[in-house]
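First to last, the protein sequences are chains A and B.
Those letters in the first sequence? Residues 1 to 432, per the UniProt record's numbering, in order.
Those letters in the second sequence? Residues 1 to 358, per the UniProt record's numbering, in order.
You may find that some hints are simply not true.
[Stated by the list, open to error] The following residues of chain B were derived to be distant from chain A, with all beta-carbon distances above 12 Å:
id : residue
1  : G76
2  : E217
3  : K287
4  : A321
5  : P322
[Said to hold, decoys possible] Computed from the model, here is a short list of chain A residues facing chain B with C-beta under 10 Å:
id : residue
6  : K112
7  : G174
8  : G196
9  : C221
[Said to hold, decoys possible] From the structure, some residues in chain A lie toward chain B, with a derived Cβ separation under 10 Å:
id : residue
10 : G115
11 : K167
12 : N235
13 : P282
14 : A283
15 : E336
16 : S391
17 : V393
I should point out that these hints are in silico values taken from the structure, not numbers from a laboratory.
C-beta atoms are modelled at their ideal positions from N, C-alpha and C, and glycine is treated no differently.
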Amino acid sequence: MNSASCAAKISTQPFSLNPTSPTSHDNPLVFPKPTSLFLGSTRKLRLSSSSKLNLHRRSGTVVAVSDVVKQKKSKSTPSLLITKEEGLELYEDVILGRAFEDMCAQMYYRGKMFGFVHLYNGQEAVSTGFIKLLKQQDSVVSTYRDHVHALSKGVPARAVMSELFGKTTGCCRGQGGSMHMFSREHNLLGGFAFIGEGIPVATGAAFTSKYKREILKEADCDHVTLAFFGDGTCNNGQFFECLNMAALWKLPIVFVVENNLWAIGMSHLRATSDPQIYKKGPAFGMPGIHVDGMDVLKVREVAKEAIGRARRGEGPTLVECETYRFRGHSLADPDELRDSAEKAYYAARDPITALKKYLIENSLASEADLKAIDKKIDEVVEDAVEFADESPVPSRSQLLENVFADPKGFGIGPDGRYRCEDPKFTEGTAHV
Amino acid sequence: MGFRNIIGRRLGLGLVRRRKPFSTATCDGDGNGNAKSINLYSAINQALHIALETDNRAFVFGEDVSFGGVFRCTTGLADRFGKARVFNTPLCEQGIVGFGIGLAAMGNRAIAEIQFADYIYPAFDQIVNEAAKFRYRSGNQFNCGGLTIRAPYGAVGHGGHYHSQSPEAFFCHVPGIKVVIPRSPRQAKGLLLSCIRDPNPVVFFEPKWLYRLAVEEVPEHDYMLPLSEAEVIRQGSDITLVGWGAQLSVMEQACNEAEKDGISCELIDLKTLLPWDKETVEASVRKTGRVLISHEAPVTGGFGAEISASIVERCFLRLEAPVARVCGLDTPFPLVFEPFYMPTKNKILDAIKATVNY
């Protein structure tokens, strides 16, 4: 009829399941749910600047601030942001991330793991701040710097370490290695070596949860997807394409930018026309927030808001976390380009030190409690290394498995046996 | 950035290009001039220095090229030629190549670096749909011959899925571009200079395993090696082996071992995969009657298939045995299993014997 309903029809083509026809010729297709629009533009987005919120370093555009956060702001005395249990949980997670990565470096230089390994030291606040708010069914999509995302999401340290060593007990049976951590149980959708490749995957995962909730009517399906990626990725086409799709279809996804200012040797400031990445959110119709990514508690507050929005069906958010990696891009990177003053500046803002200080000053935990956690984590990491060491290396036939859905993907040879079980197939006709 | 100044100056001077004249006859890199023993990345670095020095409208750009690149191939270029000619791009391969096509279409020499050949796929659309067809569909009004795309390819021992791929077969299927792969430092310098100066868009794959490992005497002067000419690097009479890039050193080892068993192998380096030198390979096969092709990429649909089909077409009655292909397995490039995946010396040796004894 008129252009609005025509446009709505086209965009909702695959989902014309609802028998009720559009209630009004002017409104796009409306489903009987409080958060009404399934597909279609979000023209009614309210944009309100909230510079009063001192949670953010610079004023971001925040939409639909939850009441809880507003209330906190109005109190004159600073209230505690976390309880004791939460505090200890967060502390344990950041320590696990740090200890694990340090152990990775040791193992790499001893030759136990190989390939390209990218460590997360210094950025723990982002992983812990966001992922510890998720449920098991929420999905996480990461980059090649994914060990700590896996650990925060709940993948056991043993599985991650084994995967790094290339053993069968690894989370991907040794096939993936450092850059490709997957876990169906914990809904970790990888581990992507290629920057930006994970963002469309996360977008698809978010669409699935929205579909399940609104079309298939699975009651409790309010699953959220988090996509983590870096500053360099924000100049890549896939990033922009997905911001558009996520905002257009109001997907339950949070785009988390881990802006550590460097893409291998390229400074973010020299690679980007407007280095303030959070501004790219409103350009696509979603709120963009900048947060201090070296402070777990600040990240957690912003994450609560963003994840809450997604869970309520209000759509995507772009969160830019200002963070820093203490080590080089990878273990093969000599890290000569970064200014030592810059490194020192961020080293002084180490998230672990900050969290520890907060816990002790607010009497949420004692030194002894924290030391006990340190010790426990050391044991966990050492156990992980031992486990990985003792695990078996995959057999040769695993090389040919899982190329196709048929696990022995090469079918049956002329002699009636699986081709990949024929020793001549994998070995040529002689020893390697 | 001094970019504006450069444009201003250029407009002032008119579009006069200072170019070192070079003859169409190319020397083969021997003889006159000092030769120094250097490795592959240094040879490529030298070629780039010469390319920028001899044409003031040549540019080098890509991810991290400014500080020298992750493989050090672009060391010293930014310091010597300035940030307006040697610069980093943001992380967008599609943008890098598309931008390069634009530069080339306006008469510049654009030398784009794709950090790993595994990352070339976002740019695949621009290469196949734009670069390859630019001259054709504009009726020769425009062309992007000044575009050269360099990418490190191939296994490196620990690269895994995304730092080890050999995508040459995808590009060999595209009429309108050239695909060139050097085997050694001296070849690389000469071939790269030819590619840069060739009036067609070229994809130049550099075997990353050889960046530091291959060391050879390379003349310091400006020299070019001809494209689309294969080279017989070892004479033989029993079987012809065809390969390119890093795989040739593996094949050479297999040839040496085969010689101990009395099999005389002829080894050919294709050098240019598209358009490839069918005549040289055919002449060799007419001499020996047997052919074996080896490459790291998976066997199904690899470039070996094209060579095999062409040779059979031309030399069917001369062939004494089926064309053998010793290539990577049909799986994604594995991480832990790399030694089993690769076409190793032993696999090649067995195939040589099987073919000769057919």
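Which of the listed hints are broken here?
-> 6, 9, 13, 14 and 16
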